[in-house]
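Chemist: Modelling step: build the complete structure from the supplied sequences, incorporating the hints.
Chains as they are written, first to last, in the working numbering: chain P, 1 to 333; chain V, 334 to 692.
Since the hints were derived computationally from the structure, they do not count as laboratory data.
Incorrect hints may appear among the rest.
As the list claims (entries may be wrong) - Using 30 Å as the maximum straight-line C-alpha spacing, the simulated DSSO-like pairs for lysine-lysine come out as follows: (1) 492(V) - 285(P); (2) 256(P) - 285(P); (3) 612(V) - 278(P); (4) 612(V) - 438(V); (5) 381(V) - 550(V); (6) 320(P) - 612(V); (7) 285(P) - 320(P); (8) 612(V) - 49(P); (9) 492(V) - 290(P); (10) 492(V) - 438(V); (11) 49(P) - 93(P); (12) 420(V) - 381(V); (13) 278(P) - 550(V); (14) 381(V) - 278(P); (15) 438(V) - 420(V); (16) 550(V) - 492(V); (17) 256(P) - 278(P); (18) 256(P) - 612(V); (19) 285(P) - 550(V).
Bear in mind the structure is a predicted one, so any value in this text is a computation, not a measurement.
Next come the chains, spelled out residue by residue.
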Amino acid sequence: MLALAAKPEAPDAILRVEHLSKYYPTSRGFLQRRRSLLHAVDDVCFEVKRQEVLGLVGESGCGKTTTGRLIARLTSPTSGRILVDGVDLSGIKGPGMMEFRQKVQMIFQDPYESLDPRMTIFDIVAEPLNVNGIGNLEEREARVAEMLNLVGITPPSAFLFRFPHELSGGQRQRVAIARALVVNPRFVVADEPTSMLDVSIRTGVMNLLAHLREEFGISYLYITHDLAVARYLCDRIAVMYLGKIVEMAGSEEIIKSPLHPYTRALISAVPVPDPAVKRPVPDIKGGVSKPINPPPRCRFYERCPVAKGVCAELDHPELKEVASGHFAACHIL
Amino acid sequence: MRLLTRGLERGDTNAMETLLSLQDFTMHYRTKTGWVQAVDGVTLSLAKGQSLGLVGESGCGKTSIAMSIMRLLPYNSRVIRGRILFKGRDIYSMSDEEVRRIRWKEVSMIFQAAMNSLNPVYRVGNQIVEAIVTHEPETTEEQARERVASLFEIVGIPKERMDHYPHEYSGGMKQRAIIAMALACNPSLIIADEPTTALDVIVQDKILREMEEIRRKINMSMIYISHDVSVIAEVSDVVAVMYAGKLVELGPAGDVFKRPKHPYTRGLMMAYPSILGEKHELATIPGEPPNLLDPPPGCRFHPRCDRASSECVAAEPAWREIGTGHYCACHNPVEVSGTWAGLHRAGDGGGRVGTCSKA
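Modeler: In structure tokens:
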């Protein structure tokens, strides 16, 4: 009960991210003398309130997974601050870290990769308890059974001593969720937890995540490439493009009235399950912009259909509040 | 199969000739633990210029059907009964040499994650030239290169990129190159197995639009295989829904999406989130797909079906026509509709998922 417990006033944000950046060096040239920096996450700021689900949406390579890994402290930031419950993570070491790990957990995308094939289901779910030295064996058994029940792996006794390969994809993802939740985290980073699952199974896992939030007041950062899924699970959605958040607003707001040209293109590219609907062609230019040593101007400039001269001259626009609770980073707006 | 081509939205129905038909096609795989009944009694047909969307979850037999049509099945598979007719000829009674001539020249395929199937040590253009020259020995390499240049134009890759290597391409470009390769010999049918699954939505949108345009331009037939209901909705004239190796529903896309008859089809569509319309509760289908080593008796969907009756356990439902060109295999077909397609349009049901409009 060290640093994390001692909070002066309970802030209403469980997570606060301030100017978070992560650059990866990519070396090239003779004896690696020319260093380039890949701006995976570039000056990102956002908050997640208690019991809130924030969706982080973007295309592959936009930095959404890196953001999640930074928050779960699986990698450390180049600059910027992450505050969980008002406590800065940068200085945390030793026992503070253990406590942080109980507070913040992660669910990974691929349940075929994220479970150790040589551990039984009991060992997998009980491992966080072992690591944190919570309870004795009997208590752990009871806790694991309780968690498996909760995530719908029933009856637990039939699964405790099975191995991951004996389970289906949906069941594995439920086990992964049980493992993340066994230490009673306050915040969960869910990195595409349903994208590997079939439709009929996926809804079940989505409903489970929604239910767990209601019941235990867990907040999520929900990382996904699928806007339709994000709409269903998230209170707010943040759209990322090349390491920057370009727009952030309530889910319905952002889907019904997107402001940033990139969000608009992204939304109009989502296929709809109705043969009678003809979507308009997404308004976006082709080409790939790379996040390696990007010029200071707007990251979306090369592909933007409405870019003006000012967009090339000025730096990347700040995220500013355009309407109440609706943030966008665009010079034109 | 004649029935199928009837009543489609695309006019001149009598002019449509059948290109491909599967008749009671049944194919099993032999494994150490027994026979996996991967494809069971599938009957469908495809007219010239038509696109068929084959939708279902992983392991339901979609790819097995594609491989069966290409006659690319592994050694442990066996065709139990039924036929596949391409232009009126049974593919499984042809000699290997005859099949080889049809494959790629008449029927080509875009494999799942095909962008990873380009050979990394050959220039992309040369790989397509090779495909053309192999199948058309009379074509010179010069002519083939010219054709590749025009194919690249069709799929939207600058032709200077012909001499680049696959690693210099982005994922979307590699997929386009694969589509160019599939188009190389002017096939009359392309089977696209999850052609855009690994791609981002904006790229997916571009590629689907391009494929549609090409298909209409050269009146090519297409089979799209996908687990994504919304992709299927956008590209198919006819939709076939598979569950556990069986075809459960088949019909014009508009009908199947607006008035699905099979409870599985309906469940699948209701489980699909959409960014259109109002937000609704998503349906869940309880349980998991069955093990095809030992599928449940009667209707294979009955253990997960909310409309199941004793009849469903006792007898396999017959494949019957329930609307014009709309087929379904179910003892208790859904009478009312209530899917996204029906819901989000104004004045068409509206309200919550539970309150369904009359079909």
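Chemist: If a hint holds in the structure, say so; if it doesn't, say that too.
Modeler: Here is how each hint holds up against the structure:
1. 492(V) - 285(P): Given that 30 Å is the threshold and the Cα spacing comes to 19 Å, the pair holds.
2. 256(P) - 285(P): 22 Å, holds
3. 612(V) - 278(P): Holds, at about 20 Å.
4. 612(V) - 438(V): 46 Å, violated
5. 381(V) - 550(V): Distance of about 13 Å is within 30 Å: holds.
6. 320(P) - 612(V): 27 Å, holds
7. 285(P) - 320(P): 24 Å, holds
8. 612(V) - 49(P): 22 Å, holds
9. 492(V) - 290(P): Cα-Cα ~22 Å, so holds.
10. 492(V) - 438(V): The given pair, whose Cα atoms are some 23 Å apart, holds under the 30 Å limit.
11. 49(P) - 93(P): 25 Å, holds
12. 420(V) - 381(V): It holds: about 10 Å lies between the C-alpha atoms, which stays within 30 Å.
13. 278(P) - 550(V): 19 Å, holds
14. 381(V) - 278(P): Given that 30 Å is the threshold and the Cα spacing comes to 23 Å, the pair holds.
15. 438(V) - 420(V): 13 Å, holds
16. 550(V) - 492(V): Given pair residue 550(V), residue 492(V) holds - Cα atoms ~21 Å apart, limit 30 Å.
17. 256(P) - 278(P): 17 Å, holds
18. 256(P) - 612(V): 11 Å, holds
19. 285(P) - 550(V): Between residue 285(P) and residue 550(V) the Cα gap is close to 24 Å, so the pair holds against 30 Å.
Of the numbered hints listed earlier, the single one contradicted by the structure is hint 4.
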